[in-house]
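Engineer: For chain U, the structure is supplied; the task is to place chains Y and V on it using the hints.
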Amino acid sequence: MRPEELVEFADGLYHDTEFSAPRAWRERNNGRKAIGYLPIYAPRELIDAAGMLPVGLLGGRGLIEIIRGDAYYQSYICQIPRSTVELALSGRYDFMDGFLFPSTCDVIRNLSGVWKVLFPNKYAHYLDVPQNFEKAIGGQYYERELRHLRKDLEGLAGRTISDDDLRASIARYNQNRQAISELFELRNAAPWRALATESYLILYAGCLLPVEEHTQLVRDYVAAVKQADRPMRDNARVLLTGAFCEQPPLGLIRTLEMAGCYIVWDDMSIGRRWLEQDVGLTGDPIEALSDAFLQHSITTAVKYEPTIDRTIPLRRLVEGARAEGVVFAAPSFCDPALLEQPMLTQALDRAGVPWTAFKYSENLGQFQVIREQAGTFADSIKLWSES
Amino acid sequence: MNVFCGIDLGSTTTKAVLLDERGDILGRGITNSRSNYFLAAEIAREEAFIGARFTLIDRELSRLSEGEKQSVGFRKRLLTQFRKQQILSQLHSLRDKSLEEAESDRYQEIRKVLHQKLSHIFVTMEEGIRRPRLNAGKKSDFFRDQASSEYSRLAESVAEESIPFELLMSIFDKVIILVENQRMDLTFEGNIRTALSACIDGDNAGLADSYEQAVARAAAIPLTEVRAIGTGYGRQRLPFPKDMIRSEILCHGLGANISFPGTATVLDIGGQDTKAIQVDARGIVTSFQMNDRCAAGCGRYLGYIADEMNLGVHELGPMAMTSTRHVKINSTCTVFAGAELRDRLTMGQRREDILAGLHRAIILRAMALLARSGGVSNEFTFTGGVANNQAAVAALRKLVAENYGERKLNISPDSIYTGALGAAHFALRAESESREEGASRVESAFGGSP
Amino acid sequence: MSHDTIKDQSMFKQKEMIAGHFSKLATAKETGRKVVYTFVPGNLTELLLSFDLLPVYPEINALQSGMRKKSGAYVTEAEKYGHSEDVCAYVKSDIGMLKSGNIGPTGEKLPPPDLLLLSYTGCFTFMKWFELLKREYDCPVVMLHVPYQGDGTMTPDMRKYVVDQIKGELIPKLEQLSGKAYDEDRLKECLRRSARAEDDLVWVLESARHRPSPIDGYFGGVYYIGPIFTAFRGTEDAIDYYRLLRAEVADRITKGLGPITPEGQMGPEKYRLVVEGPPNWTHFNEFWKMFYDEGAVVVASTYTRVGGVYDLGFRHDPERPLETLADYCGGCYTNRNLPSRIDLLCKYVTEYQADGLLINSIKSCNSFSAGQLMMMREVEKRTGKPAGFVETDLVDPRYFSAANIKNRLESYLQMIEQKRKGGTISQSPASEGVRRLEVLP
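Residue numbers (the numbering used here), protein chains in the order written: chain U, 1 to 387; chain Y, 1 to 450; chain V, 1 to 441.
Heads up, a few of these hints could be off.
Said to hold, decoys possible - Facing chain Y, a subset of chain V residues (Cβ under 7 angstroms, in silico):
#: 1; residue: 373
#: 2; residue: 403
#: 3; residue: 404
#: 4; residue: 407
#: 5; residue: 408
#: 6; residue: 411
#: 7; residue: 414
#: 8; residue: 415
#: 9; residue: 422
Stated by the list, open to error - To list a few chain U residues with every Cβ distance to chain V over 12 angstroms, as calculated:
#: 10; residue: 165
#: 11; residue: 172
#: 12; residue: 182
#: 13; residue: 193
#: 14; residue: 227
#: 15; residue: 257
#: 16; residue: 384
Please keep in mind that the hints were generated in silico from the structure rather than gathered at the bench.
The beta-carbon is built from N, C-alpha and C at its ideal position, and this holds for glycine as well.
Chain U with its partners taken away, still in its complex shape (with noise of 0.2 angstroms):
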């Protein structure tokens, strides 16, 4: 197949705001349920190993006009709350009978309690991942709550879900995360060939289907640009971070791209790669899995840090993906992403690293300064390093 095609099949799921495929698939499999969850991180296995398709909410993406929306929101506060405010008012979001909301920020946990009032008959929780990483301590409180969601679960799905069941989807989610894995090292190693516009499509597409199609459609699209024709340009190699909830319209990658720059890692699709390492598959998988949150976890702005200078991990990603320089993006308004910059960004000139940073919102309208901003930054990496 050529990735071409790929990519459209994705393009086609990303501008959806129908919801289509997930109502495709709930029609196919008569009475199995899907749950919605917001970013950041969720335990998809749980839902999936229940028979239920977990679906990734990452709010209007500036595709839909904000009318009801904006009413519980006010101006100061940033855009996702409101635009998944408006999918549910607007009956897109009917086709799921639950939702899932992390510890990602207040937004997002208060989000949780309007939901409660303006949906009460639709399930929703707010999960609380541990900020404590000692297993017998942050590690027994996970399990315990994971254990509560099992059984919340259970009764949504209208069945049990046995360890057995909870295994095979570890082992499901294990084949994506790899396949993932294999995506960015391609982008790292051949950035001209899994082009990150393309890149994001295909992760996106995690979010609404079942996990072995996205398993595989990722498998195909890697193997299928390492086939094609593509000429490689001399572009600035950089990182893009801060982008790991209220997502950049695609029009503000394509405009990174186009003013000169690889992207050869970002964290915007961070919910499907929290865990950097396999979820293990022998004894207790609930255990298994807080064993792989309190180990394995991905350094994030969301994510207390108690063993590290949390800013390392991003000076090992520039030096691991020979990046030449970092590119923050945050949405306005974001606590998480813009408390943390500066702490990144000073680290970053203590190493030398050049960076930029702007902020967006999911509905962008036109990406002129950032394309200039972007542009003069590649143009500057280009011309100052030392290749």
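Structural biologist: Chains Y and V only, in chain U's frame:
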């Protein structure tokens, strides 16, 4: 005759409305707002009283048995002459003060030539007022604006190296403030006699006596301002005693309900703020939301866009209506208005389509505010300068229908007086309440009849 | 203004307590007392005191900076260091103060922290705040993760998690820091004292049920919650303070007096309001004046529960020392889910016979603000009382526009007034009769 006055100090204009005891509108006045709140209120109030006098003249004239058609024409001419008198008074003041300013030391070198040029300008301006002229599409009815555009046109033509355009304008800018902030006799009595004699000529000489008597009768009716209520908000205190102030939101809600008695929801998009108001059957506010910290989506925003496009604000709506393609504009931030517009034009988007998108974006913001205030109930009254914009109205109609269903949409070209109308009705109601309490008649802050 | 002997004693007492605390802080290095920075929601003052540690609350520093008109410069300073205009102004004020020499409200330099106790309660931004401070001070941090009451209760699992952290992480660190062993008896003593003070605090807060209310439960209230929310809970001083305060308030009730304002005795009570949201600190008195000038008293507020909710029955329980600390933390206002917050607001509107709810929406604070518009609609629906909405900020003076706020507030109060006259609301306040309005014929 007992009258009740409402005065609304807005950010751009100050309005006054006078009601009789039955709640009928006797007169309305409007002037541009200025830093001296008291004066702005005074002038608007006097204009309203003048309006009332003309209403009374109308009533008297309508009782004349003969020459009905002619009396309508007479009344029009009388008003025109009256306005002319008012403008001339202000023009003379402007002229006198400008010439005085030209005498100051800093212009010593060029005094003679400057005096010549200024005189020429003012003579030409006065001629332009006295002689009937084809209307050159004036932007506004206020003296300041008319004078400014005419003066600057003439200044450009007479300017030369030693007396540049900027110097002439600087004199104007300095003096106009003095003119605006001084009390002048712009009142009825001061100018009606002159206006009247200018109206009597060969054609209506036979009716001259009847007309003069009708005017005299109307002028003689005592207008006693029983109570006045002020509204509006600004950095300084409003120039009224505390118990005579009502919030502009309440005045606006009541005014809209008086103008359109079925009103349940009011949307006001003003120059700098937007208000969404829910009112009950008596016109009393039950809920409201305001967007006043940022002018995005307000009248001023359209002003910026108009400037950017080199158009008049009144041209934006019609142009937007000719749009054929849907252009989605997400932000109505005035800070970036210019940049965003230029950007889109260079991207090849058409002005008409961009404008249509802008109007929709403005209305979307208003819809959010309406939703926060409690939605759009029947009937829905739309007020403020933007309500005169057909593209905005079209967008509003569509979005209301899509989100709330059938709603009767009320728009009045006089909606700028809504706040003052509501204030006047509060004055009326306050009077009735105090009468109920058996209180004696209270002297209004401005006291007596003008 | 008359000077009663009973009145003002509590105020003097509080001033003394605060001065004492700051002088201890100023001499911490000399006396060898270790300093712990922590947050108001979820503060474990009793535990710290049992180790003879000195607590410092950067939030309090920030609000003090706001009241002293210094925060504007601090915020700008922080923005120069790369902080966004979109983020929490408390954090920026703190960073700015740090960069400007860390001079505290008494004019003395504040001691740097020996430990950052990250009590992660009710606010995500706390995490970033102490991560930033850690980099500035290069000192140890201990995280106490208090789970959010997502489903409206503190479950046994959540309690266990907090207790495990206190036992497994916090106490060992405090022992290490102080050089003392954990003394549970001493902790229990502190908790016993806390409970006694809490009784009087609740009495004071609930005194606003009287008509007229003897206190302002928001502007006045922030002074009353000082000792219980900060370095004094668990001390004899706090017990004394609240006893004095209670007596003063009781005296006002006997005399039928309303609250004292910065300009003296408030005039007649015309409006009773419940306020949701933190106050504005940079224009605190100006904001308060807008209320009392109109005869508006705040009878209950949620901000005065941000450091602990005591009027639903909770008291610190010395018999279960660590569990009670966990329950205390979990119950802080911003750690409760939105439906519980709505329940609390409705309860206040009804039980305190309020004319309505006013929301002071804070630009910087997502924890309070995100979802307030929904809460407003719900409270209106459930109580039938009108809600008002103003927008300010905590300590960024650029976001306080007096004219706009006054306009909205006055409109809201006039709206209530007009409704009373029309008699269309279900409960008319005792002081106003129902009137029929007639326009003249």
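Engineer: Quick check on residue 414 of chain V please, does its C-beta sit within 7 angstroms of some C-beta on chain Y?
Structural biologist: holds, 5 angstroms
Engineer: Given residue 422 of chain V as an interface hint, is its Cβ closer than 7 angstroms to any Cβ of chain Y?
Structural biologist: holds, 6 angstroms
Engineer: Does the no-contact call for residue 165 of chain U survive, Cβ to all of chain V over 12 angstroms?
Structural biologist: Since the minimum Cβ distance to chain V is about 23 angstroms, residue 165 of chain U lies beyond 12 angstroms and the statement holds.
Engineer: Mind verifying the non-interface call on residue 384 of chain U? Its CB should be farther than 12 angstroms from each CB in chain V.
Structural biologist: holds, 22 angstroms
Engineer: So, residue 373 of chain V near chain Y? Judge it on the closest CB pair being under 7 angstroms.
Structural biologist: Given a least distance of 6 angstroms, the restraint on residue 373 of chain V holds.
Engineer: With chain Y as the partner, please determine if residue 415 of chain V meets the hint condition of a C-beta pair closer than 7 angstroms.
Structural biologist: holds, 5 angstroms
Engineer: Please check whether residue 407 of chain V passes as an interface residue: C-beta within 7 angstroms of a C-beta belonging to chain Y.
Structural biologist: holds, 4 angstroms
Engineer: Can residue 411 of chain V be said to touch chain Y, with a Cβ gap under 7 angstroms?
Structural biologist: holds, 4 angstroms
Engineer: Minimum C-beta separation from residue 227 of chain U to chain V exceeding 12 angstroms: can you confirm that?
Structural biologist: holds, 44 angstroms
Engineer: If I take the minimum Cβ distance from residue 172 of chain U to any residue of chain V, is it greater than 12 angstroms?
Structural biologist: Per Cβ check, residue 172 of chain U is outside 12 angstroms of chain V; nearest 28 angstroms; holds.
Engineer: For the hint on residue 408 of chain V, just tell me whether its beta-carbon gets within less than 7 angstroms of chain Y.
Structural biologist: Where the cut-off is 7 angstroms and the nearest Cβ of chain Y is about 6 angstroms from residue 408 of chain V, the hint holds.
Engineer: Could you check if residue 404 of chain V really has its C-beta closer than 7 angstroms to a C-beta on chain Y?
Structural biologist: holds, 5 angstroms
Violation of the numbered hints given earlier is absent; every hint is satisfied by the structure.
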